[in-house]
Amino acid sequence: NAGVMQNPRHLVRRRGQEARLRCSPMKGHSHVYWYRQLPEEGLKFMVYLQKENIIDESGMPKERFSAEFPKEGPSILRIQQVVRGDSAAYFCASSPIGTAPNQPQHFGDGTRLSIL
Amino acid sequence: TQLLEQSPQFLSIQEGENLTVYCNSSSVFSSLQWYRQEPGEGPVLLVTVVTGGEVKKLKRLTFQFGDARKDSSLHITAAQPGDTGLYLCAGASGANNLFFGTGTRLTVIP
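Same order as they appear, the protein sequences are chains A and B. Quick note on numbering: the first sequence equals residues 1 to 116 in this note's numbering. Quick note on numbering: the second sequence equals residues 1 to 110 in this note's numbering.
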């Protein structure tokens, strides 16, 4: 299966711990997007990355959240000192090029983060 | 912030009925995409519309992009239980991300 792979699928953390979410894009895709989804809501854009570069992080909270997409390996979304409000589903999407009128983004199945 | 509002938010219908879901915004988008999301899974792309007034058909689903490229509709004919899911519209404006709508949760009762 050459789809977007996210792991873990479920992650439980206690308040104050760190959460690391991983995303491997589809083969041949070099653009990665992270979104957050609260229950019964649409997806909210967080960050757009290319290999080794953050292109747009306008949707990222100013503190505790960071993202990277290294030359080798998956993209990582890191949340430090988690709080209950961070509980959500986090989705990663990839595309071969940046957003274009008819260029779709392919989504993974998400990581469901629960904060105790 | 570009907002996409979908209506209705929830819809429950009997198998065989027709329905229409709306996606409205005050902003102009270069393209609009429709996704369906099943519980526990990521959104799956159904269609992309690019040209104002464009109509695309996917089996029993008909998608229309408004002339001004600010709104879209999804019409399902003879709904089936397999159509149950969360339907999301998403607009692209040339920026580096998609703006997702608030979603319509459809339940088709056998």
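Hints are computed from structural coordinates only; laboratory data are not their basis. Nothing here was measured: the structure is a model prediction, and the numbers come from that model. Note that beta-carbon positions come from the ideal geometry of N, C-alpha and C, so glycine has one too. Mixed in with the good hints, there may be bad ones.
[As the list claims (entries may be wrong)] List of simulated lysine-lysine pairs, DSBU-like, C-alpha gap at most 30 Å: (1) B:Lys56 <-> B:Lys70; (2) A:Lys44 <-> A:Lys62; (3) A:Lys71 <-> A:Lys44; (4) B:Lys70 <-> B:Lys57; (5) A:Lys27 <-> B:Lys70; (6) B:Lys56 <-> A:Lys44; (7) A:Lys62 <-> B:Lys59; (8) A:Lys27 <-> A:Lys44; (9) A:Lys71 <-> B:Lys57; (10) A:Lys62 <-> A:Lys51; (11) A:Lys51 <-> A:Lys27; (12) A:Lys51 <-> A:Lys71.
[Stated by the list, open to error] Just a sample of chain A residues kept apart from chain B, beta carbon distances all over 12 Å, derived: (13) Glu18; (14) Ala93; (15) His106; (16) Phe107; (17) Gly110.
Each hint, compared with the structure:
1. B:Lys56 <-> B:Lys70: With a Cα-Cα distance of about 17 Å, the restraint between Lys56 (chain B) and Lys70 (chain B) holds, given a limit of 30 Å.
2. A:Lys44 <-> A:Lys62: Holds: Lys44 (chain A) and Lys62 (chain A) sit about 15 Å apart, inside 30 Å.
3. A:Lys71 <-> A:Lys44: holds (26 Å)
4. B:Lys70 <-> B:Lys57: holds (19 Å)
5. A:Lys27 <-> B:Lys70: violated (33 Å)
6. B:Lys56 <-> A:Lys44: Satisfied, since the Cα-Cα distance of roughly 26 Å is no more than 30 Å.
7. A:Lys62 <-> B:Lys59: Violated: Lys62 (chain A) and Lys59 (chain B) sit about 44 Å apart, past 30 Å.
8. A:Lys27 <-> A:Lys44: With a Cα-Cα distance of about 25 Å, the restraint between Lys27 (chain A) and Lys44 (chain A) holds, given a limit of 30 Å.
9. A:Lys71 <-> B:Lys57: violated (40 Å)
10. A:Lys62 <-> A:Lys51: OK: Lys62 (chain A) and Lys51 (chain A) at ~22 Å, within 30 Å.
11. A:Lys51 <-> A:Lys27: Holds - the C-alpha atoms of Lys27 (chain A) and Lys51 (chain A) are around 13 Å apart, at most 30 Å.
12. A:Lys51 <-> A:Lys71: Roughly 6 Å separates the two Cα atoms, so the pair holds.
13. Glu18: holds (24 Å)
14. Ala93: violated (8 Å)
15. His106: It is violated; His106 (chain A) is separated from chain B by about 8 Å at its closest Cβ, not greater than 12 Å.
16. Phe107: Not fine: 3 Å to the nearest Cβ puts Phe107 (chain A) too close to chain B.
17. Gly110: violated (5 Å)
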